[in-house]
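A.B. asks: Construct all of the structure, not just a fragment, from the sequences and the given hints.
First to last, the sequence lines map onto chains A and B.
Those letters in the first sequence? Residues 1 to 213, by full-length UniProt numbering.
Those letters in the second sequence? Residues 1 to 213, by full-length UniProt numbering.
Calculated from the structure, these hints are not laboratory results.
Only a predicted model underlies this, so the values are computations on that prediction, with no experimental measurement involved.
Hints should not be assumed to be uniformly reliable.
To list a few chain A residues with every Cβ distance to chain B over 12 Å, as calculated [stated by the list, open to error]:
1) Thr76
2) Glu107
3) Ala185
4) Gly187
Computed footprint of chain A on chain B; a stretch qualifies when at least three of its residues, placed anywhere within it, have a C-beta under 8 Å from a C-beta of chain A [claimed, not checked]:
5) 18-24
6) 29-37
7) 55-62
8) 67-78
9) 82-96
10) 118-131
11) 148-157
We put the beta carbon where it would ideally sit given N, CA and C, even for glycine.
There are 2 protein chains.
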Amino acid sequence: MEFILEDITEDEVARRRGVYTPLTDSVRDLVDAVIRTEVGEDALADAQRRIAEIVADLRTEQMDGPYGVRHTRENTGMAWGNAVIGVRNALAPPLDIEHVPDGVRSEFTLGAAYEGPPGQVHGGVCAMLLDHLLGNAASYSSPCYTGTITVRYLRPTPLGALVAQAWVTEQNGRKRIARGTISDAEGVTCEAEGVFIVPRSAVDGPVVRWSEG
Amino acid sequence: MEFILEDITEDEVARRRGVYTPLTDSVRDLVDAVIRTEVGEDALADAQRRIAEIVADLRTEQMDGPYGVRHTRENTGMAWGNAVIGVRNALAPPLDIEHVPDGVRSEFTLGAAYEGPPGQVHGGVCAMLLDHLLGNAASYSSPCYTGTITVRYLRPTPLGALVAQAWVTEQNGRKRIARGTISDAEGVTCEAEGVFIVPRSAVDGPVVRWSEG
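C.D. replies: Quick look at the structure:
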């Protein structure tokens, strides 16, 4: 597994983030619109044709494989293709993760694209977000991999505004245990506990800041 | 939570599926292209403007909230907005779930949009897919909700062609235990065990077939 060094300044990172964020947001809008639209078949076919044209234009120059995980010389993480935090990935809400005194925290809103049961967040989406957030809390000094994670669903999580939090409860050598929750305005809807492992290769490696994708 | 009856024939379900599938596939392509494109800023801005126009056109007529979960009088499930199986949801790979003698099975391919570590599937995506698949295995007679799920990561799951399987190992009243795995060509990469609960209201309800979103 290879992390890519992007030899650019922090200002250039910010500038590129400013270019890709509105583009990806427009794709997030499109994902939502395709789920919820009630226009007729001709309009759907027309939309499809126009989307295919945009795809062809964007693909005239593209990287061979996935985006990978990049970082600058200042060790700012650029996980821009990441499924949970990627600023170039329309599948990601994206989670914007804030470091707080006892761990990490993220406020986000999930719309129609994250639905499982009617009007509720898919339980698998909750598991996905908690896996990422707990891993982020556990990666305070170096990136970690998830060993195991257990998610407990206390009640359905409604689509809409949510808050997730995670914190480390135990550390022992390369093993770390983290816990976390997702909450709506009424309180916790689901909680998780995970065991995370720091890879041997990372123990003496650079500390990369992964708060934002 | 309300399941919506769509009073349409099975032929009409198939016809609509045929209309939305290529449209959603083109959005999946677009998600991938936005992650991987290397075109210049003017071309990105142009793409954004064109996507925003399509969104506006699709939103001229749209449902108020999320898609919900629908079914026909013949109890064919239409979870078309679902985050894992929805044929109208570009976030979903989508999983097409096959019923096999001892449970359920799905073959699928995950590209750049599902990345976590470089070249690997995001661990949270594995958890999301397993949550859905185990829930599907447990829902053989009525829809279930996940109580808890534990995912164990044996090694990284590479992006590309994968197979997931799930089966019920125990059932006791309204409680069911299911297990499952995700595998690449070399074998199992991660495995899960979950406890699923059949809601009281569903015990005597209709049996809806949820194999496809």
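A.B. asks: Which of the stated hints cannot be reconciled with the structure, identified by number in ascending sequence?
C.D. replies: none
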